[in-house]
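**Student:** Listed in order, the protein sequences are those of chains A and B. The first sequence begins at 0 in numbering that gives the first Met the number 0 and counts up by one. The second sequence begins at 0 in numbering that gives the first Met the number 0 and counts up by one.
Honestly, the hints are just simulated from the structure, not real lab data. Treat the hints with care, since some could be wrong.
One copy or any two copies: either way a pair holds, since identical chains are not told apart in the list.
Unchecked claim - Result set (DSS-like, lysine-lysine): computed pairs, CA atoms no more than 30 Å apart in a straight line:
id : residue 1 : residue 2
1  : 29        : 67
2  : 35        : 142
3  : 117       : 105
4  : 117       : 142
5  : 78        : 142
6  : 105       : 142
7  : 67        : 117
8  : 78        : 117
9  : 29        : 105
10 : 117       : 35
11 : 78        : 35
12 : 35        : 94
Fair warning: this is a prediction, and the values are worked out from it, not measured in the lab.
There are 2 protein chains.
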Amino acid sequence: MKRLLRVLSVACIAAAPMLLPATAAAQFAKPEDAVKYRQSALTVMSSHFGRIAPVVRGQQPYDAAQVKADVAIVAMMSKLPWSAFGPGTEGGGAKPAVWSDNARFKQGQERLHGDIDKLVAAADTGDLAQVRTAYGAVAASCKACHDNFRNR
Amino acid sequence: MKRLLRVLSVACIAAAPMLLPATAAAQFAKPEDAVKYRQSALTVMSSHFGRIAPVVRGQQPYDAAQVKADVAIVAMMSKLPWSAFGPGTEGGGAKPAVWSDNARFKQGQERLHGDIDKLVAAADTGDLAQVRTAYGAVAASCKACHDNFRNR
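Take the sequences, apply the hints, and build the full model.
**Tutor:** Structure representation (structure tokens):
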């Protein structure tokens, strides 16, 4: 057991922490690990957010429990990517503005979190009209940030 | 933090019903989307599981709330990848045995879920010794499945 844990953790505490700030260094052994991690969290977020789209468009019946489950995954994923945009992790589809205009990037995260809080609350009500409104606000929040900070 | 944990627990309880194979086709427009999705969920799971490794090895102090948060992310992610291994999504590092010996692959998922349930319970106790034991069981479960179903 101990040996297995040692083998597993070697991979997690590997080289090159100097390129990253202290907290990020503990989380990511290499800059490319940070890029892969943030892209992965955003991929999962996008997938579950996208599953709600046909529902709010009226193309699929509204299954409140299903939407709530997807929203919960979106909410969790929305907390994760930002710690992986530390200094030395440039690239991976992110525009240089992430680092050169970091205050604005952080404002975008705060806006997203506020909008997602409202989507969580809307999904809790089980009222499709409320979900639709809150969904649109999150979608606009995603788009604003992508326009400013993501390469096409 | 309370809000995050609440969101996490709701999702963990609610995520299971949507992972039926019948819905898989509707979730992914293309096979490569399924591959990217499952790899992303596994990447996020692996990252947060790995963050606990130095704690159970005694190389980092035990922050019970942090471990609980990481375990909650591991638990949520552990529900997601399997619906994305449907027919026609071969490849992406997965061995053909995922499809040719699918019953065994599903047994591996069940074992993982059982072991992660125990890790969640252990993290709730705030007792590092219990976390260490449960962590080792999950690590062994990961390894067994990787040995059989993932290309190196």
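**Student:** Does each hint fit the structure? Answer for all of them.
**Tutor:** Hint check:
In this assembly of identical chains, residue 29 and residue 67 lie within 30 Å of each other by CA distance solely across copies; the values are 25 Å between and 35 Å within a copy. For the homomeric pair residue 35 and residue 142, the shortest alpha-carbon distances inside one copy (21 Å) and between copies (21 Å) are both at most 30 Å. In the homo-oligomer, the alpha carbons of residue 117 and residue 105 lie at most 30 Å apart inside one protomer (19 Å), although the nearest pairing across protomers, at 36 Å, exceeds that limit. In this homomeric assembly, residue 117 and residue 142 come within 30 Å of each other (Cα to Cα) only inside a single copy, at 17 Å, whereas the closest approach across copies is 39 Å.
In this assembly of identical chains, residue 78 and residue 142 lie within 30 Å of each other by CA distance both inside one copy and across copies; the values are 17 Å within and 28 Å between. Only within a single protomer do residue 105 and residue 142 lie at most 30 Å apart by alpha-carbon distance; the minimum there is 15 Å, versus 38 Å between protomers. For the identical chains of this complex, residue 67 and residue 117 are neighbours both inside a copy (12 Å) and across copies (25 Å), given an alpha-carbon limit of 30 Å. In this assembly of identical chains, the alpha carbons of residue 78 and residue 117 lie at most 30 Å apart whether taken from the same copy (15 Å) or from different copies (25 Å).
In this homomeric assembly, residue 29 and residue 105 come within 30 Å of each other (Cα to Cα) only inside a single copy, at 23 Å, whereas the closest approach across copies is 33 Å. In the homo-oligomer, the alpha carbons of residue 117 and residue 35 lie at most 30 Å apart both inside one protomer (28 Å) and across protomers (28 Å), since each shortest distance falls under that limit. Both within a single protomer and between protomers do residue 78 and residue 35 lie at most 30 Å apart by alpha-carbon distance, with minima of 16 Å and 20 Å respectively. For the identical chains of this complex, residue 35 and residue 94 are neighbours both inside a copy (16 Å) and across copies (22 Å), given an alpha-carbon limit of 30 Å.
Hint compliance for this structure: no hint is broken.
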